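Enquirer: Residue strings, one per chain:
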Amino acid sequence: MTVARPLRARLQLAIILAVLVFGSLNVVLVGRITYLALRAEQDRRLLFVTRLVAQRAARPLLLDDQLALQKLLDESRALDPDLAYVAVFDARRGGITKSAEPGAARWLEARESPTAPLPRMNYREAAEKIMDGRLGEVHVGVAETTLRATLGRIVMVVSLMVLAFLAAGVTGAAFVARTVTKPVEKLVEFASTVRLEGPLPPLEISSRDEIAQLAGHLESDARRLQLLHAEAKARERDLARVEHLATVGMLAAGVAHEINNPLAGIRASVERLLRQTKVPADAERYGAVLRDAISRIERTVKETLTFARATEVHLVPTSLSDAIERALGLAAPRLERNRVSLSRSSPADLPLVRADAAQLVQIVLNLVLNACDAVKSGGELVLRSSHDGHFVTLDISDTGPGVPADIADRIFNPFFTTKPRGQGTGLGLAVSRAGAREMGGDLVLALSGGRGACFRLTLAIAANEDDATHPSR
Amino acid sequence: MRRLSLAAAAAVGLLFAALLVPGLPLRTWFLSVVTGSAPSTGARWPSPQRRPPGPPLRIAIGAMISPERTFVSYGEFFAELAQRLGRPLELLQRRTYRETNDLIVRGEVDLAWICTGAWPQLREEGAARLLAVPIVGGRTSYHSFLIAGPFSNANRLEELKGKRFAFTDPISLTGCLYPRSLVSSAGRDPSAYFASTFFTHGHDLSIEAVRRGIVDGASVDSLIYDHLVRRFPSEVEGVRVIDRSPPLPIPPLVVPVRMPEVDARQLKDELIALSRTARGRSLLDELLIDGFAAPELNAYANLK
Chain A
0 MTVARPLRAR
10 LQLAIILAVL
20 VFGSLNVVLV
30 GRITYLALRA
40 EQDRRLLFVT
50 RLVAQRAARP
60 LLLDDQLALQ
70 KLLDESRALD
80 PDLAYVAVFD
90 ARRGGITKSA
100 EPGAARWLEA
110 RESPTAPLPR
120 MNYREAAEKI
130 MDGRLGEVHV
140 GVAETTLRAT
150 LGRIVMVVSL
160 MVLAFLAAGV
170 TGAAFVARTV
180 TKPVEKLVEF
190 ASTVRLEGPL
200 PPLEISSRDE
210 IAQLAGHLES
220 DARRLQLLHA
230 EAKARERDLA
240 RVEHLATVGM
250 LAAGVAHEIN
260 NPLAGIRASV
270 ERLLRQTKVP
280 ADAERYGAVL
290 RDAISRIERT
300 VKETLTFARA
310 TEVHLVPTSL
320 SDAIERALGL
330 AAPRLERNRV
340 SLSRSSPADL
350 PLVRADAAQL
360 VQIVLNLVLN
370 ACDAVKSGGE
380 LVLRSSHDGH
390 FVTLDISDTG
400 PGVPADIADR
410 IFNPFFTTKP
420 RGQGTGLGLA
430 VSRAGAREMG
440 GDLVLALSGG
450 RGACFRLTLA
460 IAANEDDATH
470 PSR
Chain B
0 MRRLSLAAAA
10 AVGLLFAALL
20 VPGLPLRTWF
30 LSVVTGSAPS
40 TGARWPSPQR
50 RPPGPPLRIA
60 IGAMISPERT
70 FVSYGEFFAE
80 LAQRLGRPLE
90 LLQRRTYRET
100 NDLIVRGEVD
110 LAWICTGAWP
120 QLREEGAARL
130 LAVPIVGGRT
140 SYHSFLIAGP
150 FSNANRLEEL
160 KGKRFAFTDP
170 ISLTGCLYPR
180 SLVSSAGRDP
190 SAYFASTFFT
200 HGHDLSIEAV
210 RRGIVDGASV
220 DSLIYDHLVR
230 RFPSEVEGVR
240 VIDRSPPLPI
250 PPLVVPVRMP
260 EVDARQLKDE
270 LIALSRTARG
280 RSLLDELLID
290 GFAAPELNAY
300 ANLK
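Residue numbers (numbering that gives the first Met the number 0), protein chains in the order written: chain A, 0 to 472; chain B, 0 to 303.
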């Protein structure tokens with residue numbers, strides 16, 4: 000994948016720009032400062048030699064001692080290798096005595112000629128009068144090239160340093176950029192290759208910085224996304240089953256309805272036959288068997304209709320205690336069979352709740368039967384009602400094994416069941432919660448773990464005027 | 000972008016690398032930027048002093064005082080004299096009295112002011128004749144001062160025996176001949192009397208050597224000593240005169256014998272006339288000289 004403006008190049012450009020600016024400034028400033036310092040120092044030496052010669056030249060000039068004068072000039076020039084010439088102008092006789100390197104000598108001779116054009120001066124000169132100029136003047140010169148040579152060496156060293164800095168900067172920028180871009184590139188690679196299913200692509204960030212932190216977040220988010228995706232797919236499958244079941248329910252309702260009418264005829268006929276006075280003993284016995292069978296078929300058809308029938312919910316002020324009473328009545332045979340002891344507590348002033356009576360009974364019955372199944376034989380079941388002014392709460396606790404934590408968040412899912420295959424549909428808790436919510440309440444697992452389970456049904460307290468019917472399905 | 004950064008790095012690298020190569024125009028230009036203004040053209044030498052036309056008036060002055068002081072002290076007076084004669088002045092100095100004498104002998108000077116001690120040689124060689132003598136403090140005589148410095152306890156010549164001693168010139172009357180004669184007359188060998196000796200070639204230099212403690216004692220011209228006391232007291236600070244000679248004939252002005260009498264007379268007349276002008280007076284006042292007079296020939300005839 001190509002990046003239009005890579006970090007490394009930008010970092011390098013910034014460093015190159017910095018090197019250019021500061022390097023140039025450095026070379027110019029260091030060069031200038033050094034040159035001025037060198038020149039000042041050289042000028043000091045120049046002036047020193049000039050004054051010294053001016054003092055010493057008086058005597059040989061006065062004594063006409065040419066040898067001593069020449070010796071003085073030669074020795075003075077030897078004091079400092081930078082000196083190009085030392086010359087004494089004799090004001091009284093007009094002559095010039097000099098000690099000079101070859102180039103400077105030619106230049107001085109050209110200068111002596113009153114007519115020849117003056118050559119370009121490549122020397123810096125200091126002059127001093129001898130005895131106020133009455134004896135003459137001393138002129139001492141240094142070649143500009145000596146300073147330039149030194150300056151050139153300094154500029155060379157500084158330039159070399161700048162070059163070294165440039166190389167180090169560019170390499171360093173590449174290295175630093177690499178430590179940043181490499182992990183980022185890995186993130187980009189991960190993000191572009193991660194899929195909703197299948198194993199996650201590898202994401203190895205060796206650093207321990209913010210990028211590594213980001214990688215951690217990215218990886219866990221991807222994992223969660225995959226999980227959510229898997230759950231969504233499962234739910235899709237469940238929905239398909241629900242639809243299928245709904246269709247079966249409708250069919251069952253239709254079949255039940257169709258059975259109901261002939262069944263009524265059969266029952267009436269059997270009843271009538273049995274009411275006749277002269278019924279043979281055998282016929283009476285078979286009639287009783289028929290009546291029992293018809294009763295069983297009727298009950299089955301009625302329950303099927305109850306379950307499958309599309310009902311309307313009538314939310315009216317309803318007594319929770321009555322609903323509990325009816326549910327316990329329905330569950331009593333099972334409770335007895337399982338020898339489950341039951342205790343109830345309810346405040347005397349428990350207000351009416353806003354609910355559909357039949358649905359409320361069904362919900363309580365579901366919860367009680369579930370608990371009954373959970374506690375097995377000899378367990379205990381506690382139903383405790385309470386209210387807080389807005390809501391009435393019913394806690395149904397048992398002494399069973401409880402709900403394991405790892406499935407606690409799934410028990411309300413449709414078709415989730417822990418019962419052996421064929422014994423439970425997995426719809427009980429899902430339908431109960433849906434019903435509770437339909438009535439403006441809720442059903443939650445209030446306690447889970449090893450010490451029994453506690454389901455909490457919450458229902459809104461019915462307002463006085465709230466007796467309207469709310470169709471909600 | 001990567002290419003751009005590489006190109007930029009190469010460009011900057013080349014720029015600074017170019018500063019490393021001597022002779023490249025960029026480097027030359029850069030150095031001229033750093034060094035600032037271009038070198039200027041030099042000046043001509045100053046012109047020699049203007050001199051009147053004609054043969055110069057060549058005046059030699061013996062090395063009685065240092066060449067620099069001689070030039071400053073006597074230069075203006077003799078320049079004035081030369082101007083009166085309408086001739087350019089050429090002031091000649093030599094390191095020793097003998098060298099000055101040689102100038103006279105060879106006829107290379109017109110007038111010479113010599114030490115009294117240098118006169119016998121000229122007299123014997125018949126090379127010069129006395130022209131005039133200065134009058135100092137109303138007298139035409141001077142003394143030899145025996146001096147000791149601030150670092151010496153000597154109060155007599157004897158106490159300088161075995162010490163360091165400075166002479167002025169081998170034929171200086173006050174600076175060498177007189178003290179040596181004193182030692183000789185005491186029956187001692189002058190060459191072994193002092194621990195060490197050397198010639199300073201100037202009475203002021205001998206005084207300086209004593210003041211600085213370079214030597215313990217010296218013998219000097221009283222005129223020069225007094226001149227320093229009056230005009231430059233710091234130069235004789237701590238220096239004590241521990242003995243003085245009887246009056247001696249003052250250093251004379253001489254002319255070569257080959258100088259025509261008329262010229263010599265003119266020179267002498269101008270010298271005396273100058274000393275009577277206001278300008279001449281003020282210049283001579285600086286030298287503490289009252290004027291010039293004809294020499295007393297007998298006094299110089301007996302000198303050895």
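To be clear, the hints were calculated from the coordinates, so they are not data collected in a lab. The structure presented is a predicted model; accordingly, all values stated were derived computationally and were not measured. Some hints could be false.
What the simulated footprint calls covered on chain B by chain A, stretch by stretch (three residues with Cβ under 8 Å from a Cβ of chain A suffice, anywhere in the stretch; the number is not a length) [claimed, not checked]:
(1) 7-19
(2) 66-80
(3) 176-185
(4) 265-271
Computed list of chain B residues with no C-beta within reach of chain A, every gap over 10 Å [as the list claims (entries may be wrong)]:
(5) Ser4
(6) Gly53
(7) Glu89
(8) Val104
(9) Gly106
(10) Glu234
(11) Met258
(12) Asp262
(13) Arg275
(14) Ser281
(15) Ala293
(16) Glu295
Note that beta-carbon positions come from the ideal geometry of N, C-alpha and C, so glycine has one too.
Enquirer: Run every hint past the structure and note whether it holds.
Expert: Here is what the structure says about each hint:
| no. | hint | verdict |
| --- | --- | --- |
| 1 | 7-19 | holds (count 9) |
| 2 | 66-80 | holds (count 6) |
| 3 | 176-185 | violated (count 0) |
| 4 | 265-271 | violated (count 0) |
| 5 | Ser4 | violated (4 Å) |
| 6 | Gly53 | holds (16 Å) |
| 7 | Glu89 | violated (8 Å) |
| 8 | Val104 | holds (17 Å) |
| 9 | Gly106 | holds (17 Å) |
| 10 | Glu234 | holds (17 Å) |
| 11 | Met258 | holds (21 Å) |
| 12 | Asp262 | holds (23 Å) |
| 13 | Arg275 | holds (27 Å) |
| 14 | Ser281 | holds (19 Å) |
| 15 | Ala293 | holds (30 Å) |
| 16 | Glu295 | holds (31 Å) |
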